[in-house]
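J.: Taken in sequence, the protein lines are chains A and H. So in our numbering, spot 333 of the first sequence is number 333, and the numbers just go up one at a time. So in our numbering, spot 44 of the second sequence is number 422, and the numbers just go up one at a time.
Keep in mind the hints are simulated off the structure, nothing from the lab. This one's a predicted model, so the numbers in the text were calculated from it and none came from an experiment. Just so it is clear, CB atoms sit at the ideal spot from N, CA and C, and this is done for glycine as well. There could be a bad hint or two in this list.
[To be verified] With the C-beta cut set under 8 Å, the calculated list includes, among others, these residues of chain H facing chain A:
| hint | residue |
| --- | --- |
| 1 | Ser461 |
| 2 | Leu496 |
| 3 | Asp574 |
| 4 | Tyr577 |
| 5 | His651 |
| 6 | Ile687 |
| 7 | Asn689 |
| 8 | Glu692 |
[As the list claims (entries may be wrong)] Under the rule of at most 20 Å between Cα atoms (straight-line distance), these lysine to any residue pairs were calculated in the SDA-like manner:
| hint | chain 1 | residue 1 | chain 2 | residue 2 |
| --- | --- | --- | --- | --- |
| 9 | A | Lys88 | H | Glu648 |
| 10 | H | Lys726 | H | Asp743 |
| 11 | A | Lys269 | A | Arg147 |
| 12 | A | Lys88 | H | Asn666 |
| 13 | A | Lys269 | H | Lys726 |
| 14 | H | Lys466 | A | Asn311 |
| 15 | H | Lys397 | H | Ser427 |
[To be verified] Some residues of chain A that are not near chain H, with every Cβ distance over 12 Å (derived):
| hint | residue |
| --- | --- |
| 16 | Ile27 |
| 17 | Asn39 |
| 18 | Thr43 |
| 19 | Asp50 |
| 20 | Ile69 |
| 21 | Lys88 |
| 22 | Leu89 |
| 23 | Gly109 |
| 24 | Pro160 |
| 25 | Lys206 |
| 26 | His237 |
| 27 | Tyr249 |
| 28 | Ser260 |
| 29 | Glu270 |
| 30 | Asn305 |
| 31 | Gly344 |
Protein chains: 2
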Amino acid sequence: MRFIIQRDRLVQSVQDVMKAVTSRTTIPILTGIKIVATNEGVTLTGSDSDISIESFIPKEEAGDEIVEIKQTGAIVLQAKFFSEIVKKLPTDTVEIQVENHLQTVIRSGKSEFNLNGLDAEEYPHLPQISEENVFRIPTDLLKVMIRQTVFAVSTSETRPILTGVNWNVENNVLACIATDSHRLALRKARIQSENDASYNVVIPGKSLNELSKILDDSNELIDIVITENQVLFKAKHLLFFSRLLEGNYPDTSRLIPSDSKTEVSVLTKEFLHAIDRASLLAREGKNNVVKLATIEGSAIEVSSNTPEIGNVVEQIQAQEINGEELKISFSAKYMMDALKALEGSEIKISFTGAMRPFVLRPIEDDSILQLILPVRTY
Amino acid sequence: MRFIIQRDRLVQSVQDVMKAVTSRTTIPILTGIKIVATNEGVTLTGSDSDISIESFIPKEEAGDEIVEIKQTGAIVLQAKFFSEIVKKLPTDTVEIQVENHLQTVIRSGKSEFNLNGLDAEEYPHLPQISEENVFRIPTDLLKVMIRQTVFAVSTSETRPILTGVNWNVENNVLACIATDSHRLALRKARIQSENDASYNVVIPGKSLNELSKILDDSNELIDIVITENQVLFKAKHLLFFSRLLEGNYPDTSRLIPSDSKTEVSVLTKEFLHAIDRASLLAREGKNNVVKLATIEGSAIEVSSNTPEIGNVVEQIQAQEINGEELKISFSAKYMMDALKALEGSEIKISFTGAMRPFVLRPIEDDSILQLILPVRTY
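Next comes chain A alone, as it looks inside the complex:
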C-alpha cells in the first residue's frame, strides 16, 4: 500500500472514525484504524463493535486530486498515535507506505514516522446491510431530533433498554422517544420514503450522541437503513453503523396525560433562568428540588429552601394561567433539560395535579413534548 494524500482531508476523516474507537476494548485490533487504499480512494474505519464508522476519501473531487494512489493495499495503525501524528505533520501532503509486511512509513516534509502496523485481514468485518428499505431526513433535522430526546435516556444499567432512544416509524412519521422513568422526551417528524415500512427499534443513546458530533449542519438528506439488529446512517462519504438494543421498549403513550387541570404559559428563557437560580441552593440538598406555585394576578412563584444554606424565592409573570391553583415540586435539572430542548420563545405547561406527570410544549407545535414526574414535598 502506498498513497499520497492531502493532510487536511486525512485529519478530518481520522477525527470522524476516531469517534468509534475506544482504548477500553477486549479486542486489541479495535484500538486501531483500518486504512484501505483502492483505485477509487482511501477508506478509513474505526469501531468499538457497538458503533462502526467508515469514512471514504475519494481520489478526486470537483477536479481536485485529493489522493494519489501509488499501490493499493490495507493496514491497521494504532488510532491513538496515528491520529496525533497526522494532526502535527509539517506539510500539506502526507505519504503513507507499507513496507516489509506491516511496517508503515508516514512521510511529510523532512519528518518520517515508522509505525508498527497490524494485519488488516484481522480487522472485523462491518455488518452487511441490504439497502432495500431506506428512509431519508435532512441532516440538520436529525441532529435536532437527537438533541431534543437523547438527554432523557437512562444512565443506569438496571433497565438497559431505557439507555436507548425508541425510534418508531409509522405512516412516514418518525417518533423519537426517550425516558429514564422520571421524565420523557418525545419528538416527531415526517420522513421521506418510497414505501411506508414500519419500524420500532431502540438505538443506544451513546451511538446517537457520537453520530450527532460527526454530522454537519447541512440540510442535505441522510439515508437511514434499519435492520433487525443494526441501524445504518449514510451521509456523503460517511457510513455510521450502530447495533440496536435488544428487548421491548415500554409503551409510553399511556404515560402522557390527555387532559389537564392547570395550564401555565411562560416565556421560556425567563422561566429557565429563574429555575436555574432556584437550583443554585437546591443542588446542595438531596434532590435538587424546586417548588412552583401559582399566585394571584397570573404570576407564578419559583422557590427552594435548603435550611443549612438559605432559601430563594422569585416571582415570574405568566403569559397566561388557566384552571385550578397549583403547588408542585420537581427536579430543577429535569426542568432545565426539558426547557433547553424545547424550541420557541414561549411554552405551555399542562398540569393535572401536584402528584401527576406534567407536560411542556411549545405554543402551537405538537411535534415535540417534554414530560416530567413531580416530586412529593407539598
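Fit chain H to the known structure of chain A by using the hints.
T.: Just chain H now, with coordinates in the frame of chain A:
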C-alpha cells in the same frame, strides 16, 4: 449592612477574590468571602491563609455611581453559593442587606435570596505590611516574568523550597529563578525603586500562578512590597498577599555553564514542532526522551524510538552550527516548556558535551535563559 451595587463590578471582584478561596481548608470561615461596606465603598476578601486577595469597589468612579451605601457593616457569605448567585442574577443592580444578625438578603429584580451568613469578626485579619520599601514593575512585564519561570518549579514536596520561585533583587534588577533540579528557568528585568534595597525570597509557584490569572495585561505599574515572610502585590483596587517559603534557596549560579563546546542556532517554532512530533511516540516510553544529533551540512536530526510502537526521525536545517559534533538525549517535555517560555523567532542552544547541562537563549538577549539537564542514553 445594606448597599446597592452594579452587578458586573460585583461579579468581577468576586471572581478575583475567589482565586484565593478553597473548599479544602481546616478553617471553616475561609470557605466564605468577607464583604465590608464602608462609606468609601465595598471591600471583598478571600483567603486560604497562604494567599489572601482583597478587591475594593469604590463608591464611584469617573463620576459614575457604582455602589450606593445605605448602611455600613460587614458579613461573610459562603463563597461557593455567593459567587454562583451573583453571576446568575437577573438585573444590572444588586441589593445586599444583612437582616436579623447574620441573615443576608440578596435582591435583584423579582429574585430574592436569603443566605445564612457568618460573623465577619471571626474572619482572620490580613497581614499588616508596612509599605516602606516598595518597588514597581509594569503589570504585563510581571506576567511575562511569571510565565517564563513558574513552570519550572518542582511539583514534588521532597524539597519544598523548590516548589517556589526565587526572587532576587539587587542593584534594581529583579532575577526570577525556578528549578526542579532537572531544568532551570531564569529571567531578569530592571525594577523601579526609590532606594536600592536587596531581597532574596522564595514565592510559592501556586501564588504566582493565581496572581498571574488576576492581573490584566496593562503596562500600569504594580507595587511590590517584600517583608520577612510575606509579599504584597498592589494593583489598582486590588491587594494580593502571599506568604513566602521558609528556607534557603540553593545557589543556582554555579549550575549555569559559562563555556560551550557546541553551539546550535535554530528557528524556535520549527524546532518546537519537530520536538513535539518526536515526543508523540516517546511519551509512551518511560521518560519522554528524544535524541538530537548534529549532522553534516549544518543540520540537526531529532529522533525517538519506542520499539513497541515505532520510531520517528526528522531533519532540521540549523541557522548556524559551531564547534564539536554532538549526540545528546533529553526530555521532550522540558525542551518544549523551555522553547515556549523563550521569546524571539530564533534561539541559540549552547552545549558543553552530552552529559552536561545545556542552555537555551534567544539570539542577542541575555535577560532570559533556560537550562536543561540531559538524559544518559547515548
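J.: Among the hints numbered above, which are violated by the structure, and what are their numbers in rising order?
T.: 1, 2, 3, 4, 13, 21, 22, 23, 29 and 30
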